[in-house]
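Residue-level listing of the chains:
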Amino acid sequence: MRVSYNWLKDYVDVPMSPRELASALTARGVVVENVVHNNAGVEGVVVGRVLAIERHPNADTLWVCQVDVGGGKVLQIVTGAQNVRQGNLVPVAVPGSRLPGMKLEVRKLRGVESHGMLCSPEELGIPEGADGILILPEDPDLQPGMDAAEVLGLNDWILELDLTTNYASHCQCMIGVAREVAAIVGTDVRIPETYAPESLHMKAADLISVRIEDPDLCHRYVARVVRGVTIRESPLWLQKRIRAAGMRPINNIVDIANFVMLELGQPLHTFDYAKIADRQIIVRRAREGERLVTLDGQERILDPDMLVIADGRGPVALAGVMGGENSEVTDQTTDVLIESAHFDNINNRRTSMRLNLPSEAASRFTKGVDPSGCVRAADRAVQLMVELAGGTAARGHVDVYPQPITPPVIILRTDRANAHLGLHLSKERMAEHLQRLGMAVFTPADLAADLAAGKPEPDEEEGDDLSGRPIWTAIHQISPVPSDPESYRRWADEAWSMVERAGERMERLHQKAPDGESDLLVVVSPTARRDIAEEIDLVEEIARSEGYDAIPTELPPLASSRGGRSPLAEKVLMVRRHLAGAGLDEVMTHSLLHPRVFDRLRLPADSPYRNCLRIQNPLYEDRSVLRTTLLPGLLDNLSYNARRQVRDLGIFELSQVYIPKEGQELPDEPWMLGIALMGDQAEPGWNSIPRPADFYLLKGIIASLLDVLNIREWRVERGQHPCLHPGRQATLLVGDQPCGVFGELHPLVQEEWDLPSRVMVAELEFEKLAAAGAGLREYRPVPRYPSVTRDVAFVVDKDLPAERAEEAIRTAGGDLVTNVLLFDVYEGEQLPPGRRSLAFRITYQAGRTLTDEEVEAVHNKIRESLRALGAELRS
Amino acid sequence: MKEQLLKLRDEALDAIAAAPDLATLQALRVRYLGRKSELSSILSGLGRLPTVEERKAMGALGNEIKEAISAALEAREKSLQEAELARRLEEERLDITLPGTPVGRRGHLHILQQVITRIEEIFISMGYEVAESRQVETDWYNFEALNIPKGHPARDAQDSLFISENVLLRTHTSNTQIRYMLEVAKGRIPVKIICPGRVFRRDFEDATHAMMFHQVEGLVIDKGIHMGHLKGALLEMARGLFGPKVGVRLRPSYFPFTEPSAEMDISCPFCDGKGCRVCKHSGWIEIGGSGMVHPNVLRYGGYDPEEVSGWAFGYGPERIAMLMYGIEDIRHFVTSDMRFVRQF
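So the sequence lines, in the order shown, correspond to chains A and B. Reminder that position 586 of the first sequence reads as 586 in the working numbering, one-by-one numbering, no gaps. Reminder that position 76 of the second sequence reads as 1076 in the working numbering, one-by-one numbering, no gaps.
Mixed in with the good hints there might be a few duds.
Taking lysine-lysine and the BS3-like style, the derived pairs with C-alpha atoms no more than 25 Å apart in a straight line are [unchecked claim]: (1) B:1066 with B:1002; (2) B:1223 with A:512; (3) B:1223 with A:427.
Every beta carbon over 12 Å from chain B, so not counted as near; a handful from chain A, in silico [unchecked claim]: (4) 122; (5) 332; (6) 376; (7) 851; (8) 860.
Don't read these hints as lab results, they were simulated from the structure. Quick caveat: nothing in here was measured; it's all calculated off a predicted structure. Ideal Cβ placement from N, Cα and C applies to all residues, glycine included.
Based on the sequences and whatever the hints tell you, model everything.
Below is the structure:
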């Protein structure tokens, strides 16, 4: 929304600069994004009248004009524009004047002197998109020699508003913004007069009938008719307003409709009355496949979710979005039908989005328009048409209002408002804030009076009896009574129900706190404020009126609560820190993947990893399925870094995957730990010893993190993960529960990701690990007697797992053996093929000093048990 | 004999003084003081001397010479040892400018996780619980219960990534408000939580937009909570992150799940609010959204807005990290280029 500072002054006194105004509005939540001066650099340009125009002697496309620029001066000016006629008033950049980016001088064009130039809108910095010179309207106030920038309204400031969807509904028009300004300044808004004389013998209701077939989508439809209009250009003042709003003047009728929308916020549509078949308007859902050529020349194919305005033949407009060509106002139009309606905002928005047809009208309906304002907007348009187009207004309105929207009546507990905001405002102060926003504020006694008087019986001749009914009176003022008797009845029912509901609420509050009425206010809020329906909405209005800076900065006087993380989150953090300490870099990879990653991982068709969630409306295909494993993200990261010369890296990610579960609407989102190692894992340096990534390094990292997690009982089994090397992978078992896999990446997967060297990966089910390590560490008393160590070295079959030998040692050694360390593994030429040598260091310890004989006896037992495994002892 | 002894003494002392190293010195010790030394053999002739006096005198001289040689040996040994040490120390001189031996490799926690952890710590110290919930969520938890009914502009289809008509990737961490109220707190007060996590939007990605990013949500519910308490918590957080000089302000705004709603600004920590490039010369930096929990949201969460009130806020830790370190592109976080990760 663009707000002209000068135009705003028509409706309210603005005793502050545009920038001051902008920051005051922003502080109230009406965010002014930009304050721009409307004059892009026009200086000294004047209004001129073209006295004569003839072809340039040396150029077919140029014209030589004699232009009266006031003060008795006539200049010879060459122009290339083709739309200038003798007698036109035009902006003239005379020698010495300035246009944005240039200074004018006398110069020769194809041998003819040109004393300046005639200006197009673009040259004046007006973004209008029209070709040719800007032709000013004939206007008694307009004389050659006048300052063109002034005449065109360029010496103005434009406030560009960025409206939120709540206050937007009433700040989409000048009056709404003026209301906010009035609240800032503490003054009143000047509402424009809408009176126009009406014809005595011509009645709107006789000229047009209106039927709303879908009242859920069209709540109100007001129609008026003006006959005998002359279509011509708008007067200068109107063009100036239209331009200030960033729109282009078209003709008086279209400009008036736009002006009223900008002024009052109500989008209007104008039909050429003569083109409406059968003098009837039907508001209904479109029929499947129905077609309409809209004003932009496009043929639109409609469906029953779209609302149309139809006449006796078919659709003539897309309701609230755009008119149809078949009923458009043209230069030949003499009779105009004005539509001022209220459409459902959700449906309107949908239609506008589905047809990709944004319009000023649609954007306003979408954000919400005041249903009480339909009549006034129609009247304002009629008034201007009578005045500017020479028409005669048919008497009265057609006003069909099947779904009356009446002002809410809200009880405000001012104590509660203060408690909510941390403020100490008086009741009077709050009332003042609300009144300045156009609300009517009463006491509980006023409400009681209205309720005591009972629901007024409408009198068609006299209208309602308002005496002794302060709230009913306010409702009447805010929401003018519809003239149609049927509409009035519905309106009155709805409005009275608001009063009654307020009464019921008052009753409930009274029961809760019989003496608590002193802080209550009864507030009637304008229907223009579609965002205000309950007490909390008023609290917000008070907060932004008083200013958020008035709210104190405090810490709550809470009974201190124990903060912290869940046990799982604690372990997540602990392991992250441990792994970083172990030299790994933490990465973050995307939750969304390309669906092809499962093939790239060589997963079989029935792999559970393939059971993933798919995005129904993805933007990119490589972000279209939710990951079920961390591996692809880690491999992508390795390959990304390798392509940037970082080929030695160890990374991890501790995050979630998304596993769909049969019979569950939502997936499981378990925490997984992924690790990937590639290349040298040592910090490079002149004396560092290379540590190439291998299976055992990865296993060592996993062992260390299991220790950190306090997991003692774990083992590995050969794994069968399809993307890992079949001979170099393991399943981790804690207790007997599988908790993940680790090992070397399958060479074909390594190739698929184009990785320069062998890669070790792990993916562990973190929640299982975190649970397994719960509880305290087991303490053993510090030994008081010396320990004894003995080594044992032997040659066995290569296929014998080292773990089996260790088990044999521990079993044979019994309680005396407290530690078993495998300190050497050797395979090589000195040994027969298929055999290898293992060497263990065994620590013996007991609650006494062990004798050599005791140790020797146990050690021999161990040697025996190793022999039983086929070991050939070397020591 | 006397001449013999004196000659031997002179010869020995000369030889000791000239000994170039400890090995030579050891040989001299054997030669002059050993059992088969010349001195021994001379002194073994003492018995053949004619008089007792002579025998005594020569014996005394012999001992004197023995001690002198011994002392000379000690002295020479000490000086040779000192020289040896000095030489060794000189030899062992290092190039102290060579880089130190790496203490294993230093890994790096992802900077965004560091920032999130920092934010958590600030709130934990004020007694907040860290709560997490789910990322794949139903329409009800992500929208409906947050006062965003169907057709509300805030739920524009283009902003959300849908799994099915009713299931989507959460567009904010606010779903955790509802899940915590209904599943954990169940009516208990006070509620004091901070909820970090991944969120998703259907956004084309560029330097400032990501399809996946993070939010940190804060929620407090108790009796007597007012908007000033929101300011207080925000101030503590801002100072915990940016230092003691930072100030905060709230600006009116609109979010469906709070009322009154506010944008949260902090005074620019880079220029102390005087105006610089980072704060676009306004002195303030916008951090995120906040407000008093909307009564409807409290009701959906099983709380009676007549009895309790609360505030909530939400903001992007990416933005905080980008501000703190001057990171220019939000995509760095998920790309996790090692040349990025290893800087922190």
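How the hints compare with the structure:
1. Proximity of residue 1066 (chain B) to residue 1002 (chain B) is assessed by CA-CA distance (about 14 Å); at most 25 Å being required, the pair is judged to hold.
2. Proposed proximity of residue 1223 (chain B) and residue 512 (chain A) is supported: the alpha carbons are some 18 Å apart, at most 25 Å.
3. Proximity of residue 1223 (chain B) to residue 427 (chain A) is assessed by CA-CA distance (about 23 Å); at most 25 Å being required, the pair is judged to hold.
4. Against chain B, the non-interface label of residue 122 (chain A) holds: every CB pair exceeds 12 Å, the least being about 30 Å.
5. No beta-carbon of chain B comes within 12 Å of the beta-carbon of residue 332 (chain A); the shortest separation is about 40 Å.
6. Annotated as non-interface, residue 376 (chain A) keeps its C-beta farther than 12 Å from every C-beta of chain B; the closest such distance is 26 Å.
7. Non-interface call for residue 851 (chain A) relative to chain B: holds, since the shortest CB-CB distance, roughly 42 Å, exceeds 12 Å.
8. Listed as outside the interface, residue 860 (chain A) is consistent with that label: its C-beta sits roughly 41 Å from the nearest C-beta of chain B, beyond the 12 Å cut-off.
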